[in-house]
Amino acid sequence: MNIKVLGSGCMNCQTLEKRTYTALQELQIDATVEKVQDYQKIASYGIMRTPGLVIDEKVALAGYVPTVEKLKEVLLAHRNA
Amino acid sequence: MMRKLLEKYPVTSTAILFLLWIILYTALQLLADAAVALAGLPQGAHLTEAVRFFVFEVPKVLLLLTLIVFAVGIIRSYFSPERTRKMLGGKKLFAGNVLASLLGVVTPFCSCSAIPLFLGFVESGIPLGVTFSFLIAAPMINEVALVLLFGLFGWKTALLYMSTGLLIAMVSGYIIGILKLEKYVEPWVYETKAGHSELAEEKILFPERISAGFDAVVEIVSKVWIYIVIGIAVGAGIHGYVPENFMAGIMGKGAWWSVPVAVLIGVPMYSNAAGIIPIVQALLEKGASLGTVLAFMMAVIGLSLPETIILKKVLKLPLIFAFVGIVAAGIIIVGYIFNFVYS
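Protein chains in written order, with our numbering: chain A, 37 to 117; chain B, 2 to 344.
Check before you lean on any hint, since a few could be wrong.
Some chain B residues flagged as far from chain A (calculated, every beta-carbon gap over 10 Å) [claimed, not checked]: (1) 67; (2) 117; (3) 164; (4) 179; (5) 241; (6) 247.
Calculated pairs, DSSO-like style, for lysine-lysine (alpha carbon to alpha carbon, straight line, at most 30 Å) [stated by the list, open to error]: (7) B:317 to A:71; (8) B:287 to B:87; (9) B:9 to A:106; (10) B:181 to A:77; (11) B:184 to B:194; (12) A:108 to B:9; (13) B:93 to A:54; (14) A:108 to B:92; (15) A:54 to B:224; (16) A:94 to A:106; (17) B:314 to A:77; (18) B:9 to A:77; (19) A:106 to B:224; (20) B:313 to B:93; (21) A:77 to B:313; (22) B:87 to A:71; (23) B:181 to B:5; (24) B:184 to B:314; (25) B:5 to A:108; (26) B:87 to A:106; (27) B:87 to A:77; (28) B:9 to A:71; (29) B:287 to B:93; (30) B:224 to A:71; (31) B:92 to A:77.
Simulated from the structure, these hints should not be mistaken for laboratory data.
Since we're looking at a predicted model, the values are computed, not measured.
Every residue gets a Cβ at the ideal spot worked out from N, C-alpha and C, and that includes glycine.
Construct the complete structure from the given sequences, taking the supplied hints into account.
Put into structure tokens, the structure is as follows:
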């Protein structure tokens, strides 16, 4: 699984990144997590709100920092899709 | 447990919470007086008055904040930048500026998303001036500022702030639009190809909107309460100790230069509404005039240095100066008008 955390490096994006690691660890999912800070790249995913989470090139959520629980849901939904 | 109940019976539990809210709110004065009496402070002393002000205003503002942020959270769940962009598409100048300013108030926005939003708007063909109307209104008119203005100054001032703020956003954006400043946008902005995510159009049920309201309360109140407490504490100090008419010479109507100076000081200052408004309210009582105070608040809240620095990534300097200059001029005019009307 490839995960991208989109955001300019503000507080919200850092929290999202941290929670993503926690969720992955708790679910024992193997994934690479990258940060995307380039605005052009962020825009190319079609989101206007940061932070954003992209799983295997699909936008999974944008505009808010989800709880670890919500992240787990999103990750599982993606894996089982 | 709260969360569980809310999820199960969203409407009923919200109604019960609202009832509790009303009871608490109406009992505030009693509670504050009781607290002061219990502390055994001497009647009429400076310290007593400062304490009374503090123990009444802090819970009052926090209660108001909870209610309004909750309501705004629900309203905002009906809006998203994507929807706003769609609504603004194809709008002409002026009509577009009016709509963009209004949408700026209700669309969820955080200044850290200013750039992605700017890219998304400009890329989809929304005129620069219309985009600016949005970007000016969004931070300037926010629920925290309105709650504090309403709680500490009354509904008239809150309404004045909101309507003049909207007017500044509309007119400034319109002027930026007719000045044709597109050449001062960084060229890469127009080369950006924005993708489209399917994420935007999810159907949301009403209970989810209620929970969005509670999320907003948790997020915003947990962030700003400390500034409110500190702001009101400083305000209470000024309230109790600074002599009457102390501010009249500096921020009073008599001093014509007070409005521009207030704006000049306000622009580079970065404070959120929560911290600045209680202090400013205390100054008003010590002889500062409403127009000057309003101009100062607008400059601090609406034009912030960090946000301008963020915008530097997409805008060249002449456009930044035009933006700051036009908005600052608007704020100064508003300040003078109020000083004139309320004299």
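So, going through the hints one by one against the coordinates:
no. : hint           : result
1   : 67             : holds, 19 Å
2   : 117            : violated, 5 Å
3   : 164            : holds, 27 Å
4   : 179            : holds, 26 Å
5   : 241            : holds, 36 Å
6   : 247            : holds, 38 Å
7   : B:317 to A:71  : holds, 27 Å
8   : B:287 to B:87  : violated, 47 Å
9   : B:9 to A:106   : holds, 18 Å
10  : B:181 to A:77  : holds, 27 Å
11  : B:184 to B:194 : holds, 18 Å
12  : A:108 to B:9   : holds, 22 Å
13  : B:93 to A:54   : violated, 44 Å
14  : A:108 to B:92  : violated, 41 Å
15  : A:54 to B:224  : holds, 19 Å
16  : A:94 to A:106  : holds, 17 Å
17  : B:314 to A:77  : holds, 14 Å
18  : B:9 to A:77    : violated, 41 Å
19  : A:106 to B:224 : holds, 21 Å
20  : B:313 to B:93  : holds, 26 Å
21  : A:77 to B:313  : holds, 18 Å
22  : B:87 to A:71   : holds, 29 Å
23  : B:181 to B:5   : violated, 54 Å
24  : B:184 to B:314 : holds, 15 Å
25  : B:5 to A:108   : holds, 19 Å
26  : B:87 to A:106  : holds, 28 Å
27  : B:87 to A:77   : holds, 22 Å
28  : B:9 to A:71    : violated, 37 Å
29  : B:287 to B:93  : violated, 46 Å
30  : B:224 to A:71  : holds, 25 Å
31  : B:92 to A:77   : holds, 28 Å
Of the numbered hints given earlier, the model fails hints 2, 8, 13, 14, 18, 23, 28, 29; all others are met.
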